[in-house]
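Asks: Sequence:
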Amino acid sequence: MLELATAAALTGGAVLGVDRLATRAESQAEAEFPPEGRILTIDGVKVHAWVQGSGPDLVLLHGAGGNLRDFTFALAPRLARDFRVIAFDRPGHGFTGRVPEAAEAKRGESPREQARLLQAAARQLGVTRALVLGQSFGGAVAMAWALEDPAMTAGLVIVSGATMPWPGKLKPSYHVNASRAGATTLVPLLTAFPPQSLMDQILSGIFAPAPVPQGFTAHFGLPLSLRRTTMVANARQVTGLKDHVTAMSGHYGTLQMPAELIHGALDTIVLPDIHAAPLSTLLPDARLTMLDDAGHMPHHTHPEAVLDAVARIAERAGLR
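Each residue of the sequence shown is one higher than the one before, starting from 11 at the first, in my numbering.
Do not take every clue at face value.
List of simulated lysine to any residue pairs, SDA-like, C-alpha gap at most 25 Å [claimed, not checked]: (1) K181 <-> G192; (2) K252 <-> L276; (3) K56 <-> A115; (4) K181 <-> D159; (5) K56 <-> E46; (6) K116 <-> L31.
Label pairs and their computed distance ranges (CB to CB) [unchecked claim]: (7) L208 <-> V137: 45 to 53 Å; (8) R330 <-> T33: 42 to 50 Å; (9) G260 <-> A218: 30 to 38 Å; (10) R30 <-> A191: 35 to 43 Å; (11) R48 <-> K179: 15 to 23 Å; (12) P44 <-> L208: 23 to 31 Å; (13) E325 <-> A41: 37 to 45 Å; (14) R30 <-> P294: 51 to 59 Å; (15) G260 <-> V137: 23 to 31 Å; (16) R34 <-> E314: 39 to 47 Å; (17) D159 <-> R48: 21 to 29 Å; (18) K116 <-> R48: 28 to 36 Å.
The set of hints was computed from the structure by calculation and includes no laboratory data.
Idealized CB from N, CA, C, for every residue including glycine.
Sequences are here, hints too, so could you generate the full structure?
Replies: Put into structure tokens, the structure is as follows:
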């Protein structure tokens, strides 16, 4: 019995030590990469929004495990020359809180839940009708935005969007991090002891076949994505995404607003033949641009193509 009690005490001490180190790492991440915009409060939930420029409203929605710094690195300031740009941290990411119903049920926020929260934040900023650009997972939220409130959606720009059901399974790490056991064991360890090789591998894989842009790592703040709540929220959102886009895709044909779809032919994360190509046939007024030499991050590697698509959608929507 004494041996069991000693083992339990040692185990408890180790867990407490990891928890303290994880808390310290999270505090350091938030100090090094603080909010760049303003914090809004929507029904008790904090929403981080970066707002800059003037002109027609343009909402930017980032991908899985990211934050709005993905856009403020380069693209958003350029767009702000012609638009009032509103970049949001999606729920559970950056400095935006969780949707209470999802957090309490220990599941991920659906694209529609995310869209409803961010639409409420946009209305607080005076948005009545906006162009909406979503990248990767943000593409699913952009589609949900249009389905939730077509009148509020002047046009869509979907960049490498995960918008359609796909064959096969996700990486096991998503399911582990999404589980209750993973959330209390593996995730705290990754937060407390983030392997630099893993962080480098994550960014290199996202940008492949292009290199990570110079200065991006220092600006983006990957440590924000390695906080415990963010990793768990992201994993649960990703593991639930397939069912949500399967349900949403049956309604895409009802959307009458113009859409510009931009996708890299070399994207191995969100495959263009599974997502962009069929989406372009479902939407009544869509234009698909395939970039032959681009991967998953064309808003960084091929910014002119994305800027041109935004300019076209503004004209097609009658905003310019």
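Asks: All hints, please: hold or fail.
Replies: Hints and how they fare:
1. For the hint pairing K181 with G192, the CA-to-CA distance comes to about 14 Å; that is within 25 Å, so the pair holds.
2. Distance hint between K252 and L276 is fulfilled; the C-alpha atoms sit about 22 Å from each other, no more than 25 Å.
3. Between the alpha carbons of K56 and A115 the distance comes to roughly 19 Å, so the proposed pair stays at or under 25 Å and holds.
4. For the proposed pair K181 and D159, the alpha carbon gap of about 33 Å is over 25 Å, so the pair is violated.
5. Restraint check: the Cα-Cα separation between K56 and E46 comes to about 14 Å, which is no more than 25 Å; the hinted pair holds.
6. Of the pairs offered as hints, the one joining K116 and L31 holds, with about 24 Å between alpha carbons and a cut-off of 25 Å not exceeded.
7. In this structure the supplied range 45 to 53 Å is violated for L208 paired with V137, their Cβ-Cβ distance being about 38 Å.
8. For the pair R330 and T33, the supplied restraint of 42 to 50 Å holds, since their beta-carbon distance comes to about 48 Å.
9. The given range of 30 to 38 Å is respected by G260 and A218, whose C-beta atoms sit roughly 33 Å from each other.
10. For R30 and A191, the hinted distance range of 35 to 43 Å is not satisfied, since their beta carbons lie about 21 Å from each other.
11. Between R48 and K179 the beta carbons are some 39 Å apart, a value that contradicts the proposed interval 15 to 23 Å.
12. A C-beta distance of roughly 24 Å is found between P44 and L208, which places it inside the suggested range of 23 to 31 Å.
13. In this structure the hint that E325 and A41 lie 37 to 45 Å apart at CB holds, the actual value being about 43 Å.
14. As the Cβ distance of R30 to P294 is approximately 55 Å, the hint placing it in 51 to 59 Å holds.
15. Here the CB-CB span from G260 to V137 is close to 27 Å, well matched to the stated 23 to 31 Å.
16. Checked against the hint of 39 to 47 Å, the C-beta distance between R34 and E314 comes to roughly 42 Å, which is consistent with it.
17. At about 22 Å, the CB distance of D159 to R48 agrees with the hint of 21 to 29 Å.
18. In this structure the hint that K116 and R48 lie 28 to 36 Å apart at CB holds, the actual value being about 30 Å.
Checked against the numbered hints given earlier, this structure breaks hints 4, 7, 10, 11; the rest are met.
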